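J.: One letter stands for each residue in the lines below.
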Amino acid sequence: MDAPDGIALSGVCKTFTGRGRVVEALRDVTLTCPQGSFTAIIGPSGCGKSTAMRIAMGLEQPDKGTVSIAGKTPLQAARDGLTGIAFQDAALLPWRSVRRNVEVPLEVLRRPLATSSEHVEHLIELVGLKGFENALPGELSGGMRQRVAIARALATHPQVLFMDEPFGALDQILRRQMNLELQRIWAESGSTALLVTHGIDEAVFLADRVVVMHAHPGRIVEVIDIPFDRPRQPALFSDATFHQTCDRIAEALHGG
Amino acid sequence: MAADTRLPLRGLRNAVIILAVWEIVGRLDLVAGGALPGFTEILFRLWEDRADYPRHIWATLAASGAGFLIGNMVAIAAGIVFALSPATLRLFRGVNIAIFALPPIAIAPILVLTLSGMAPRIALAALGVYFVTMTATVIGLSQADSRATDLIRGYGGSRRDELRLVLFRGAMPSILSGLRIAAPNAVLGAILAEFGGGGRWGLGAYLLGSLGRGEPDRLWSIGLVATLIAGLSYGVFALLSRRIVGATRAVTLNSAIPEVTKVGGTPAFRLFLTLGAVALPFLFWWAFIWLTGVPDLIAKTPWGVVDYLFLSRTAETAQARLLAALAETLPITFAGMLAGLAFAFLLAISSKLFPRAIEAFMPVALITQTMPLVALTPLLVLILGRGPSLTLWVTISVTFFPAFVTLAQGIALVPRSAEELPRAYGGSRWTELRMVTIPASLPYLFAATRLTVPRALLGVMIAEWLATGRGLGNLLNQSRGYLDYGMIWTVAAVSVLLSVVFYQAVVLIERRVLTRMGMSTAE
Numbered sequence: 001m002d003a004p005d006g007i008a009l010s011g012v013c014k015t016f017t018g019r020g021r022v023v024e025a026l027r028d029v030t031l032t033c034p035q036g037s038f039t040a041i042i043g044p045s046g047c048g049k050s051t052a053m054r055i056a057m058g059l060e061q062p063d064k065g066t067v068s069i070a071g072k073t074p075l076q077a078a079r080d081g082l083t084g085i086a087f088q089d090a091a092l093l094p095w096r097s098v099r100r101n102v103e104v105p106l107e108v109l110r111r112p113l114a115t116s117s118e119h120v121e122h123l124i125e126l127v128g129l130k131g132f133e134n135a136l137p138g139e140l141s142g143g144m145r146q147r148v149a150i151a152r153a154l155a156t157h158p159q160v161l162f163m164d165e166p167f168g169a170l171d172q173i174l175r176r177q178m179n180l181e182l183q184r185i186w187a188e189s190g191s192t193a194l195l196v197t198h199g200i201d202e203a204v205f206l207a208d209r210v211v212v213m214h215a216h217p218g219r220i221v222e223v224i225d226i227p228f229d230r231p232r233q234p235a236l237f238s239d240a241t242f243h244q245t246c247d248r249i250a251e252a253l254h255g256g
Numbered sequence: 257m258a259a260d261t262r263l264p265l266r267g268l269r270n271a272v273i274i275l276a277v278w279e280i281v282g283r284l285d286l287v288a289g290g291a292l293p294g295f296t297e298i299l300f301r302l303w304e305d306r307a308d309y310p311r312h313i314w315a316t317l318a319a320s321g322a323g324f325l326i327g328n329m330v331a332i333a334a335g336i337v338f339a340l341s342p343a344t345l346r347l348f349r350g351v352n353i354a355i356f357a358l359p360p361i362a363i364a365p366i367l368v369l370t371l372s373g374m375a376p377r378i379a380l381a382a383l384g385v386y387f388v389t390m391t392a393t394v395i396g397l398s399q400a401d402s403r404a405t406d407l408i409r410g411y412g413g414s415r416r417d418e419l420r421l422v423l424f425r426g427a428m429p430s431i432l433s434g435l436r437i438a439a440p441n442a443v444l445g446a447i448l449a450e451f452g453g454g455g456r457w458g459l460g461a462y463l464l465g466s467l468g469r470g471e472p473d474r475l476w477s478i479g480l481v482a483t484l485i486a487g488l489s490y491g492v493f494a495l496l497s498r499r500i501v502g503a504t505r506a507v508t509l510n511s512a513i514p515e516v517t518k519v520g521g522t523p524a525f526r527l528f529l530t531l532g533a534v535a536l537p538f539l540f541w542w543a544f545i546w547l548t549g550v551p552d553l554i555a556k557t558p559w560g561v562v563d564y565l566f567l568s569r570t571a572e573t574a575q576a577r578l579l580a581a582l583a584e585t586l587p588i589t590f591a592g593m594l595a596g597l598a599f600a601f602l603l604a605i606s607s608k609l610f611p612r613a614i615e616a617f618m619p620v621a622l623i624t625q626t627m628p629l630v631a632l633t634p635l636l637v638l639i640l641g642r643g644p645s646l647t648l649w650v651t652i653s654v655t656f657f658p659a660f661v662t663l664a665q666g667i668a669l670v671p672r673s674a675e676e677l678p679r680a681y682g683g684s685r686w687t688e689l690r691m692v693t694i695p696a697s698l699p700y701l702f703a704a705t706r707l708t709v710p711r712a713l714l715g716v717m718i719a720e721w722l723a724t725g726r727g728l729g730n731l732l733n734q735s736r737g738y739l740d741y742g743m744i745w746t747v748a749a750v751s752v753l754l755s756v757v758f759y760q761a762v763v764l765i766e767r768r769v770l771t772r773m774g775m776s777t778a779e
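The listed protein sequences derive, respectively, from chains H and E. Using my numbering, you'd call the opening residue of the first sequence number 1 and step up by one each time. Using my numbering, you'd call the opening residue of the second sequence number 257 and step up by one each time.
If we strip away everything but chain H, and leave its shape as in the complex, we get (with noise of 0.2 Å):
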């Protein structure tokens, strides 16, 4: 048997009761996840994005469908160490430094942080803020408060990498170079990605597939192959290619 998938929803139903309406945020999503592939989620606000990847985190229970991380339950799985996560905002404790910042989900986790040190310091160079190991989050950009929460995201070593638009509040310049770190990062790392985002060429870019989302209710309406091969160069932006890919995923989005 091969290693079972890194990430798979199957027959995910959701719904949320909110002043008197109820609200069917996610209707039978299946979404199976390989093994080291890098799969984006896209669709518009509202359309349960989030929520699937909440209930892939083990912060939501699902009403029906059932849902494994690596083989686990997501709960689990979240005990073993073997997922990492990025929120939409850095999420950053300001009371800690960037290096305890890196460090909260081992404390979490009970492991030793003297054996960690040195990842945790290569991590915090790999997301380029060395010397700035013992700065507050106060003390940083926008850009560089992701990046520390990027790096946060991979001290677990993960096998299973959630990126809930990671960089949602970074200007697109930035955003373009983020994009090629965490290309290079995450082929580094070997994970299973999965990203939630609203930007499709940041979705085409980075993705192996692209997961298009529809709301009312929340559903998955079409999955896109990306062919492009890795690894991705900033060329690839300008590409006739690439923005045709776009364009189909816009179609996706937009039509019925």
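Since the hints were derived computationally from the structure, they do not count as laboratory data. Where hints are given, some of them may not hold.
[Unchecked claim] Output of the computed footprint for chain E on chain H, the stretches with three or more beta carbons under 8 Å from beta carbons of chain E:
(1) 54 to 60
(2) 83 to 95
(3) 99 to 109
(4) 134 to 141
[Claimed, not checked] Away from chain E, derived, C-beta distances all over 12 Å, residues of chain H:
(5) Gly11
(6) Cys13
(7) Gly46
(8) Pro74
(9) Ala77
(10) Pro112
(11) Ser117
(12) Glu118
(13) His119
(14) Phe162
(15) Ile173
(16) Ala187
(17) His198
(18) Pro231
Everything numeric in this text was worked out from a predicted model, so none of it was measured. In this text, a Cβ means the ideal position worked out from N, Cα and C, and glycines have one as well.
We have chain H; now place chain E onto it with these hints.
T.: Okay, now just chain E, sitting in the frame of chain H:
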């Protein structure tokens, strides 16, 4: 979310349960041999005494109303000046802190000595109002949208136009929410002045007069009426601001002096401002005595107090009496404040563990913000007697509620994603508390401490004055009886000074700790 529609119903249910328990406990005389009468017994007594109330209520309303008006006019004017001129704000820092921190009961006798008629009550009500409204005005004006002011300036508008067209309208919600909190403060100020000033009419005088007669049902009905008036005054302004602004904001008590980031000028100018800030309260003191024209024998200037305490023939005994009183007052102030804060902190933190229980408690805590809690000390005397435990409980009750509201609202502001991080890695609720919630609530713990410092001293002094016969409160009351003017002024000055020093100490520690932790001060 679905709970929103059921919330009023649940509140009503809780209120009915509380009243039912109260009635049963009261009817069976379960608390301190009948110190807590049943709710209906209180209402009956209220009906029996109905002829007494109008004059008392009118006296308290007139004083608090006039104080509210005067205090707010001064406060809004001062707020505008402070918002326009940071240097003035810096210069008045000492005055502002002193007004925030002064225990009203300590200066009530002074006001009675120097002013006449209703003036002392009006003055104390105005002092209770000033700080809240002034802060709200400064914050409201300085938070204006800079793009909107740029627009006015872009069309050649003057600073006056900016103020008229943008700033004042933008500050409206903030000022109105300030008035809302200020209204019950005015009632409290008037009642405290009635405690401290004698006089025949007014709810405070009525309460004090009935304390000696041992009639729990009458004391409770007066307390109920006082609470109702304070609550109604809050409600009127809550309604008004909802009408005008369209949205009401949460009740928070601001305890921070509005801070200006930069004051320009040479170092010598800034030194002048700092020295001025320290000297100005004393200048005001001097000017006040000079303006009222009260003879030297009765009105002591700052120099008069120094003379009384250090130079005169009786200086030694005066010092000894003051120190003995301080030795009784300070420990219990700290103990009560720490207990109130610790209790509030634990309860606020546990709102993360038992959200439903705290959700049910929050409305109760919010209602207490509109209650003249300190004015209800006579009711506690009935239940707890006149021992030191009374002082402790009065202090805890006046510190706990505001501290809890500040902390609970602060903890609710911790970003969800930061709290979810430990959970996403499989951490327990306890890990979440330890790593995120507790450290994140630190700025609010400091804010709550700043808020409770003056209240704790006020609570202790009131309990000492009215009941226990110990400490600073008692010394003040005694000196009033002996016409020991020097001591009255000394106790007032010392208690204000102590309050200011505590407050300032908390601010200094807060700044140092929060800067080191990369956090900013909570407002």
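J.: Take the hints in turn and mark each one as holding or not.
T.: Hint check results:
no. : hint       : in the structure
1   : 54 to 60   : holds (count 3)
2   : 83 to 95   : holds (count 10)
3   : 99 to 109  : holds (count 5)
4   : 134 to 141 : holds (count 4)
5   : Gly11      : holds, 23 Å
6   : Cys13      : holds, 19 Å
7   : Gly46      : holds, 15 Å
8   : Pro74      : violated, 9 Å
9   : Ala77      : violated, 8 Å
10  : Pro112     : holds, 16 Å
11  : Ser117     : holds, 19 Å
12  : Glu118     : holds, 21 Å
13  : His119     : holds, 16 Å
14  : Phe162     : violated, 8 Å
15  : Ile173     : holds, 24 Å
16  : Ala187     : holds, 24 Å
17  : His198     : holds, 17 Å
18  : Pro231     : holds, 29 Å
Hints 8, 9, 14 from the list above are not met by this structure, while the remaining hints are.
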